[in-house]
Amino acid sequence: MTVWLHIVALGLLASLGGALWRVWCGPSQADRMMAAQLVGTGGVGVLIVLAALQDWGLLVVALALALLAALAAVGFIKAQTPDGAGDPEETAPPAGWQNRHATGQADKRA
Amino acid sequence: MMADVATYVLTALGLVFFVAGTVGLLRFPDTFSRLHALTKADNLGLGFIALGVAFQADTWAQLAMLALIWALALLAAGTVAQLVARAALAQVQEGE
Chain A
369 MTVWLHIVAL GLLASLGGAL WRVWCGPSQA DRMMAAQLVG TGGVGVLIVL AALQDWGLLV
429 VALALALLAA LAAVGFIKAQ TPDGAGDPEE TAPPAGWQNR HATGQADKRA
Chain B
2 MMADVATYVL TALGLVFFVA GTVGLLRFPD TFSRLHALTK ADNLGLGFIA LGVAFQADTW
62 AQLAMLALIW ALALLAAGTV AQLVARAALA QVQEGE
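Protein chains in written order, with our numbering: chain A, 369 to 478; chain B, 2 to 97.
No lab work stands behind these hints, which were simulated from the structure alone.
Among the hints, erroneous ones may be present.
What the hints assert, rightly or not - Simulated restraints, written as ranges between beta carbons of each label pair:
| no. | chain 1 | residue 1 | chain 2 | residue 2 | range |
| --- | --- | --- | --- | --- | --- |
| 1 | B | Leu64 | A | Gln397 | 37 to 45 Å |
| 2 | B | Thr80 | A | Val391 | 18 to 26 Å |
| 3 | B | Trp61 | A | Ala447 | 37 to 45 Å |
| 4 | B | Tyr9 | A | Lys446 | 40 to 48 Å |
| 5 | A | Ile375 | B | Val24 | 17 to 25 Å |
| 6 | B | Val6 | A | Pro395 | 37 to 45 Å |
| 7 | A | Asp423 | B | Ala68 | 17 to 25 Å |
| 8 | B | Thr80 | A | Gln397 | 38 to 46 Å |
| 9 | B | Trp61 | A | Gly394 | 41 to 49 Å |
| 10 | A | Leu388 | B | Asp31 | 34 to 42 Å |
| 11 | A | Gln397 | B | Met3 | 44 to 52 Å |
| 12 | A | Lys446 | B | Ala4 | 12 to 20 Å |
| 13 | A | Ala447 | B | Tyr9 | 39 to 47 Å |
| 14 | B | Ala7 | A | Cys393 | 34 to 42 Å |
Stated by the list, open to error - Covered stretches of chain A (in silico footprint by chain B; criterion: 3 or more residues with CB under 8 Å from a CB of chain B, positions within the stretch not fixed):
| no. | stretch |
| --- | --- |
| 15 | 377-387 |
| 16 | 390-399 |
| 17 | 411-420 |
| 18 | 423-429 |
| 19 | 433-441 |
Said to hold, decoys possible - Residues from chain B shown here face chain A by an in silico Cβ test under 10 Å; the list is partial:
| no. | residue |
| --- | --- |
| 20 | Met3 |
| 21 | Thr8 |
| 22 | Phe19 |
| 23 | Leu36 |
| 24 | Asn44 |
| 25 | Gly46 |
| 26 | Met66 |
| 27 | Leu67 |
| 28 | Leu73 |
Since the structure is predicted, the reported quantities are computational estimates derived from the model, not experimental observations.
The C-beta atom is built at its ideal place from N, Cα and C for all residues, glycine as well.
Could you put together the complete structure from these sequences and hints?
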């Protein structure tokens, strides 16, 4: 059992390596964020397996990691979209959001 | 003994789903299909691993903790999938 659980943990770590490759290549920032999400999920998986192997207290660490991964993604999206991805039913961003930087600069010049 | 067999089978299944999700993340052609592979397959894999490990747990508190972790991961994955897809859509439209 111990050997098998170590193999599972190693497999999960290999999967995390794939996620890191995706972070490296991108191409879009959303891809990088998704890979970061995978690192979160995979990290939780590794911690669960290690909890069975070593110390069940690691489950608390896994819970904290799951929380942080979710919050990291929300932070990314708040920074990416004009209204913080406000309306999930919306199929397109609000009109004029693409010029938000330009307008900001214009305001500074004025 | 039966519990050990269940752990072997379920963690193996979980590992398969995890690897499938990662291969999808690496190989799928565009952002949205990669998002699909990531948020479904990987969380199913995590669920199987949590279930498999649950057969080794000693107390009910550990079982509850495992269930809580998986529930949180599922909730987060569902929400994040929608939000990231919308952020990616905004980027695609900006590039046009």
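Evaluation of the provided hints:
At about 38 Å, the beta-carbon gap between Leu64/B and Gln397/A stays in the expected band of 37 to 45 Å. With their beta carbons about 21 Å apart, Thr80/B and Val391/A fall inside the hinted range of 18 to 26 Å. Look at Trp61/B against Ala447/A: about 41 Å separates their beta carbons, and that is inside 37 to 45 Å. The hint said 40 to 48 Å for the Cβ distance between Tyr9/B and Lys446/A, and at roughly 42 Å that hint holds.
The given range of 17 to 25 Å is respected by Ile375/A and Val24/B, whose C-beta atoms sit roughly 18 Å from each other. A hinted range of 37 to 45 Å for the beta carbons of Val6/B and Pro395/A is consistent with their spacing of about 44 Å. Range check, Asp423/A to Ala68/B: Cβ separation about 19 Å, and the 17 to 25 Å hint holds. One distance hint, 38 to 46 Å for the beta-carbon pair Thr80/B and Gln397/A, is violated here, with the actual separation near 18 Å.
At about 44 Å, the CB distance of Trp61/B to Gly394/A agrees with the hint of 41 to 49 Å. In this structure the supplied range 34 to 42 Å is violated for Leu388/A paired with Asp31/B, their Cβ-Cβ distance being about 20 Å. Checked against the hint of 44 to 52 Å, the pair Gln397/A and Met3/B passes, with Cβ atoms roughly 47 Å apart. Checked against the given bound of 12 to 20 Å, the beta carbons of Lys446/A and Ala4/B, roughly 44 Å apart, lie outside it.
Ala447/A and Tyr9/B have their C-beta atoms about 43 Å apart, which keeps the hinted 39 to 47 Å range intact. In this structure the hint that Ala7/B and Cys393/A lie 34 to 42 Å apart at CB holds, the actual value being about 38 Å. With 6 residues having a beta carbon nearer than 8 Å to a beta carbon of chain B, the stretch 377-387 of chain A meets the requirement of three or more and the stated coverage holds. Counting residues of the stretch 390-399 of chain A whose CB lies closer than 8 Å to any CB of chain B gives 5, which reaches the minimum of 3, so the coverage claim holds.
Given a C-beta distance limit of less than 8 Å, the hint that chain B covers the stretch 411-420 of chain A holds, as 6 residues qualify and 3 suffice. Counting residues of the stretch 423-429 of chain A whose C-beta lies closer than 8 Å to any C-beta of chain B gives 3; at least three are required, and the coverage claim holds. Check result for the stretch 433-441 of chain A against chain B: holds, 5 residues qualifying (beta carbon to beta carbon below 8 Å, three or more required). For Met3/B, the shortest C-beta to C-beta distance to chain A is roughly 13 Å, which exceeds 10 Å, and the interface hint is violated.
Taken as an interface hint, Thr8/B checks out: its beta carbon lies about 7 Å from the nearest beta carbon of chain A, inside 10 Å. The criterion of a C-beta within 10 Å of any C-beta in chain A is met by Phe19/B, whose closest approach is roughly 5 Å, and the hint holds. Because the closest C-beta pair between Leu36/B and chain A is about 6 Å apart, less than 10 Å, the hint holds. Interface restraint check: Asn44/B against chain A, minimum CB-CB distance 6 Å, threshold 10 Å, status holds.
Interface restraint check: Gly46/B against chain A, minimum CB-CB distance 7 Å, threshold 10 Å, status holds. For Met66/B, the shortest C-beta to C-beta distance to chain A is roughly 4 Å, which falls under 10 Å, so the interface hint holds. Taken as an interface hint, Leu67/B checks out: its beta carbon lies about 7 Å from the nearest beta carbon of chain A, inside 10 Å. Below 10 Å, beta-carbon pairs count as interface contacts, and Leu73/B has one with chain A at about 5 Å; its hint therefore holds.
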